[in-house]
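Chains as they are written, first to last, in the UniProt record's numbering: chain R, 1 to 331; chain D, 1 to 331.
Check each hint, because a few of them may be wrong.
Note that identical chains are pooled: a pair holds if it fits in a single copy or bridges any two copies.
[As the list claims (entries may be wrong)] Think about it this way: if two alpha-carbon atoms lie no more than 25 Å apart in a straight line, the pair counts; the simulated DSS-like pairs of lysine-lysine are:
#1 K258 - K228
#2 K254 - K299
#3 K228 - K254
#4 K274 - K328
#5 K310 - K328
#6 K228 - K299
#7 K258 - K144
#8 K124 - K228
#9 K274 - K81
#10 K105 - K328
#11 K274 - K144
#12 K254 - K144
#13 K105 - K144
#14 K228 - K144
#15 K274 - K310
#16 K105 - K299
I should point out that these hints are in silico values taken from the structure, not numbers from a laboratory.
For clarity, every value in this text was computed on a predicted model and none was experimentally measured.
Number of protein chains: 2
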Amino acid sequence: MRCYPICKLPGRVMGIRLLHFSSVVILVLLLVAGALTALLPNIKDDKMPNLRREPKSQSQSALDSFTLIMQTYNRTDLLLKLLNHYQAIPHLHKVIVVWNNVGEKIPEETWNSLGPHPVPVVFKVQTVNRMRNRLQIFPELETKAVLMMDDDTLISAHDLAFAFSVWQQFPDQIVGFVPRKHISTPSGIYSYGSFELQTPGFGNGDQYSMILIGAAFFHSGYLEHFQKELEAVHALIDETQNCDDIAMNFLVAKHIGKSSGVFVKPVDIRNLEKETNSGYSGMWHRAEHLLQRSYCLNKLVNIYDGMPLKYSNIMVSQFGFPNYANHKNKM
Amino acid sequence: MRCYPICKLPGRVMGIRLLHFSSVVILVLLLVAGALTALLPNIKDDKMPNLRREPKSQSQSALDSFTLIMQTYNRTDLLLKLLNHYQAIPHLHKVIVVWNNVGEKIPEETWNSLGPHPVPVVFKVQTVNRMRNRLQIFPELETKAVLMMDDDTLISAHDLAFAFSVWQQFPDQIVGFVPRKHISTPSGIYSYGSFELQTPGFGNGDQYSMILIGAAFFHSGYLEHFQKELEAVHALIDETQNCDDIAMNFLVAKHIGKSSGVFVKPVDIRNLEKETNSGYSGMWHRAEHLLQRSYCLNKLVNIYDGMPLKYSNIMVSQFGFPNYANHKNKM
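Next comes chain R alone, as it looks inside the complex (with noise of 0.2 Å):
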């Protein structure tokens, strides 16, 4: 037997070292169960969140997540409850708030105490209330995605995962939700409208030539493009405080050489301004707002020496969604 050299130790010795051995052992293996413990995951209890969570969103890449900027003035009841819904939309990575109340406390403080959020919530603090300010590049601003919305427009979810999957499709135009149309008379000067305006006379149905930007997504590089737009145009949009969107199309159709948006058609998009408690009812109802666009129209021409906007009929629905079978036929 080949036990050497322990076995030449007398019995009661070699007892007691194995006895010693043992707990060793034993102590070891505690040890090593007591690590391996440690190093389990938490059992989240789900009566108790963790409010520590890391938001998964800061993680998603910037390709795949878009930021919200949404510009506020005057309904800041909207915003929270609009800011309710949309940080909670897939895909959503940040949301900046354009804060046009000069001179009045940003809700941070009711934010946070409502958290914890989905994602990140800037207040952008702004010095004079003009309409263009939601169009400067900001800081936060990490995606190549931007979902711009008006403070009073509340759009499904549902809406906003399908465009943002078609705008992933067609990431050099704006796709969004509201189209409208330019159309040019004998005289030579042009008219802004909606369905309601004559069409533009190509054959059968309607045309586009502008995708609204208060419900829309674009490329974030445009931001820098209307940065770089002549004084001109940024004075038109400050004298109107109007036109944004109008010149945003302008900008993308003179740089692309086709139709600047891609209209999507919406299944749940709702006006919430009638819900407000300040009673603001926002910039389209004045009296002139229409008349102001039909100008900006004719403005922007003169200052592209040109009309750059081009028609489209196109409209993206989800096949499929929400009925069933939208798609059926009697074939």
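Take the given structure of chain R and dock chain D to it, following the hints.
Below, chain D alone, put in the same frame as chain R:
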């Protein structure tokens, strides 16, 4: 008075010479007037159409027009009905009828006796009744765009004009009216179906991964691609007398690395097969038709060593047609 040499002549002689001169002038004027009258365009008499009017579609650019390729078997009555409709579609360059009625005379005499026709129609006599006959490279095909139609399908001119304009924006894809999809199962075996088949499960709504070529526009270059396909693909189509459209979608998807097709929702599409006198009801009524198509999917995946089909949920409609405001919202 300066009138030498005329003034030197006696009065009577001068009178006669003046008369001669005037006559000559009048004669010349009459001749000129006559010549001008001959150059005036003929006033067309509405009751007597000019039988020798040159078909104006011949001058249509190969880029702005398309060729209709329609394969036909045992439904000549439907064929002729459809030809009357399709011959007048805007932007149509020519019609190629793939005559699968082997041994039967083409209706060329009937066709000519009922002329003139807006576009040329060519009957291509086939020696074997094969499904993939329609995917040959016909020398008469001059346009970049092909419209392929089954011989029992009637689609409105509005739909076709719109879909053609959509194809021009997506020329590398199959732009058509009939979407289908594949789904994968836990076993790795694929199955084929329409909207009743479970969705691929990407979120809301449905997806499609194929556009059937029996009612679609695609680039004529894909016919050349198809001819160069592996013999196994041709053999599969010949074996099943089916699946040429699935094979085309595999080809296109592999080639462009994205969804093979774009679905255009038709406003007015009709299947006329019940109206035929022949009693022939089409391949898709065979009991094994759908199972064959699942079979083809899996065979093609073997041949392609992978599944190249990609899903899409983009559904395209024409803005403002047929309803004046088919995009109107509560907003």
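Structure-based check of all given hints:
Proximity of K258 to K228 under the C-alpha cut-off of 25 Å is restricted to the intra-copy arrangement: shortest distance 21 Å within a copy versus 35 Å between copies. In this assembly of identical chains, K254 and K299 lie within 25 Å of each other by CA distance solely inside one copy; the values are 15 Å within and 48 Å between copies. Only within a single protomer do K228 and K254 lie at most 25 Å apart by alpha-carbon distance; the minimum there is 14 Å, versus 41 Å between protomers. Taking the shortest Cα distances, K274 and K328 sit within 25 Å of each other only across copies (19 Å), while inside one copy they are farther apart (37 Å).
Proximity of K310 to K328 under the C-alpha cut-off of 25 Å is restricted to the inter-copy arrangement: shortest distance 21 Å between copies versus 32 Å within a copy. Taking the closest pair of Cα atoms, K228 and K299 come within 25 Å of each other only inside a single copy of the chain (18 Å); across copies the shortest separation is 56 Å, beyond that limit. Within a single copy, K258 and K144 get their C-alpha atoms as close as 21 Å, and across copies as close as 21 Å, so both meet the 25 Å cut-off. Proximity of K124 to K228 under the C-alpha cut-off of 25 Å is restricted to the intra-copy arrangement: shortest distance 21 Å within a copy versus 60 Å between copies.
Taking the shortest Cα distances, K274 and K81 sit within 25 Å of each other inside one copy (13 Å), while across copies they are farther apart (56 Å). For a Cα distance limit of 25 Å, the shortest separation of K105 from K328 qualifies neither inside one copy, at 53 Å, nor across copies, at 38 Å. Within a single copy, K274 and K144 get their C-alpha atoms no closer than 33 Å, and across copies no closer than 53 Å, so neither meets the 25 Å cut-off. Taking identical chains as interchangeable, the C-alpha atoms of K254 and K144 lie at most 25 Å apart only when both belong to the same chain, with a minimum of 20 Å there against 28 Å between chains.
Taking the shortest Cα distances, K105 and K144 never come within 25 Å of each other, neither inside one copy (30 Å) nor across copies (62 Å). In this assembly of identical chains, the alpha carbons of K228 and K144 lie at most 25 Å apart only when taken from the same copy (18 Å versus 41 Å across copies). Within a single copy, K274 and K310 get their C-alpha atoms no closer than 34 Å, and across copies no closer than 44 Å, so neither meets the 25 Å cut-off. For a Cα distance limit of 25 Å, the shortest separation of K105 from K299 qualifies neither inside one copy, at 37 Å, nor across copies, at 66 Å.
In summary, the structure is inconsistent with hints 10, 11, 13, 15, 16 from the numbered list given earlier, while agreeing with the others.
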